[in-house]
Amino acid sequence: MGALVSLVAVAVLALLAFVAVASDDLRLVFGAVIPGVAFAVFLVGILARVIRWARAPVPFRIPTTAGQQKSLPWVKNSELDNPSGTLGVVGRMFLEVLFFRSLFRNTRVELITDREKVNYIGTKYLWAAAMAFHWSMLIVVFRHFRFFVEPVPQAVEIVQYLDGFFQVGVPVIYATSVLLILSLGYLLLRRLADAKVKYISLPTDYFALYLLLAIAISGFLMRHLEKVDIVNVKAAIAGWASFQLVVPEGVGALYFIHVFLVSVLLVYFPFSKLLHAPGVFLSPTRNLANNNRAKRHINPWNPPIIGHTYAEWEEEFHDKLVASGYVLDKE
Amino acid sequence: MYDAGKIIVGLVVFFVLATSPLWFNALTEKGPEAPKLVYPTNGSTECVETKDYMIPNHMDLLNLWRDDVVRKAKRDYVSSSNGKIFDMSLSRTCMDCHSNKAEFCDACHTYMAVTPYCWDCHVEPKGAN
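These protein sequence lines are chains A and B, in that order. Each residue of the first sequence is one higher than the one before, counting from 0 in numbering that gives the first Met the number 0. Each residue of the second sequence is one higher than the one before, counting from 0 in numbering that gives the first Met the number 0.
Treat the hints as calculated values from the structure; they're not laboratory data. One should not assume that every hint holds.
[Unchecked claim] Incomplete in silico selection of chain A near chain B, CB under 8 Å:
#1 MET0
#2 VAL148
#3 VAL246
[Claimed, not checked] Here are some chain B residues the structure puts well away from chain A; computed CB gaps all over 10 Å:
#4 PHE13
#5 PHE23
#6 VAL37
#7 ASP67
#8 SER78
#9 LEU89
Computed from a predicted structure; not experimentally measured. Ideal placement from N, C-alpha and C gives every residue a C-beta, glycine not left out.
All chains should be built: construct the whole structure from the sequences, respecting the hints.
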């Protein structure tokens with residue numbers, strides 16, 4: 000059900016852009032105004048969200064991570080899984096952000112009914128597809144730099160050269176274009192094929208996948224099948240990046256669908272599960288050294304403790320204590 | 000805000016990266032405008048196919064020509080726009096009119112950071128460099 004709702008939502012959005020192209024006024028709205036607004040929402044949305052997260056106090060390090068905590072010198076500790084200092088944290092974050100280490104170690108439980116046995120198996124396909132998707136996405140976004148800036152930095156050309164190393168077709172089919180679509184396809188099928196995963200999947204899970212898939216496919220079609228005049232496209236997009244409101248000429252509906260869906264993605268980003276991108280940097284089980292026992296961490300929302308020392312107590316009841324013959328510390 | 004130092008550094012990095020095209024364009028002297036092409040000066044007014052087809056699809060045509068010539072020894076191309084027959088040759092047919100590679104091919108290719116491998120095999124026309 001969720002899968003269908005999301006599919007219809009993405010289809011309606013694409014159709015909206017498709018219909019809008021017919022009118023010249025709406026071309027300007029869909030081809031220049033909406034992308035600009037979407038980018039602003041994306042920027043402000045992410046900044047606001049991260050600042051909101053940063054206001055939450057983190058009183059304690061979370062010690063329940065995999066790996067032995069540093070304790071006595073003869074107990075071998077795991078510096079990467081349960082770091083005691085900054086260096087270990089940097090290592091753990093590096094592996095988490097760039098290589099999804101916790102996902103790599105993810106297991107799922109499977110019940111083998113006829114043998115009455117429980118199996119814990121790795122989910123390496125999920126990890127591989129996630130890696131393929133995220134890295135491809137990064138490279139694809141980076142490659143799009145050529146539309147935004149003039150002159151194009153050499154780094155973009157190097158990435159393009161390596162990405163199109165096999166020189167399949169003209170224009171060259173990039174490895175990451177194919178990987179992006181295949182990995183998204185796998186991630187989508189995974190949700191649909193397994194009844195257990197399907198049961199826990201929400202419309203928002205599918206929406207992000209359909210949206211990204213639609214963006215990737217429309218981009219691929221525009222590059223390889225229904226080609227557009229990319230010189231005009233660049234003149235317009237580099238124009239946006241120089242604060243001009245322009246719409247390219249000589250481009251079909253596919254271009255507007257692509258651009259509109261990217262705008263939707265940008266607006267959707269700061270309000271959805273896609274926020275795991277900045278969120279991964281703020282994961283308390285990843286970015287905090289486990290030094291609970293080595294250092295004192297004071298809970299920031301504790302009320303101030305108003306003490307009453309013995310000296311103060313003696314002071315308060317001074318006369319009564321003296322009258323009763325009590326021996327005071329003071330004297 | 001807790002850990003404000005680290006988080007603000009992270010946010011600044013994000014902001015700079017996300018808006019990098021804006022300041023990149025602001026800092027470079029070249030404008031975002033498309034290059035002006037030099038059109039044929041030899042009196043020819045007709046291309047192999049229409050201009051609207053050629054601009055986005057010329058690479059497909061060249062690829063087709065290459066395959067036909069190299070693999071099938073076929074040299075005649077019948078234009079689908081005007082029915083005329085053309086010799087399938089980059090250096091003779093195309094470059095006959097578009098003789099200046101630097102001002103014609105390279106103008107857009109450099110602008111779009113496209114590096115076609117035509118010239119891995121073909122000899123660049125004289126005066127291109």
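Each hint tested on the structure:
no. : hint   : verdict
1   : MET0   : violated (35 Å)
2   : VAL148 : holds (5 Å)
3   : VAL246 : violated (14 Å)
4   : PHE13  : violated (7 Å)
5   : PHE23  : violated (5 Å)
6   : VAL37  : holds (14 Å)
7   : ASP67  : holds (14 Å)
8   : SER78  : holds (19 Å)
9   : LEU89  : holds (13 Å)
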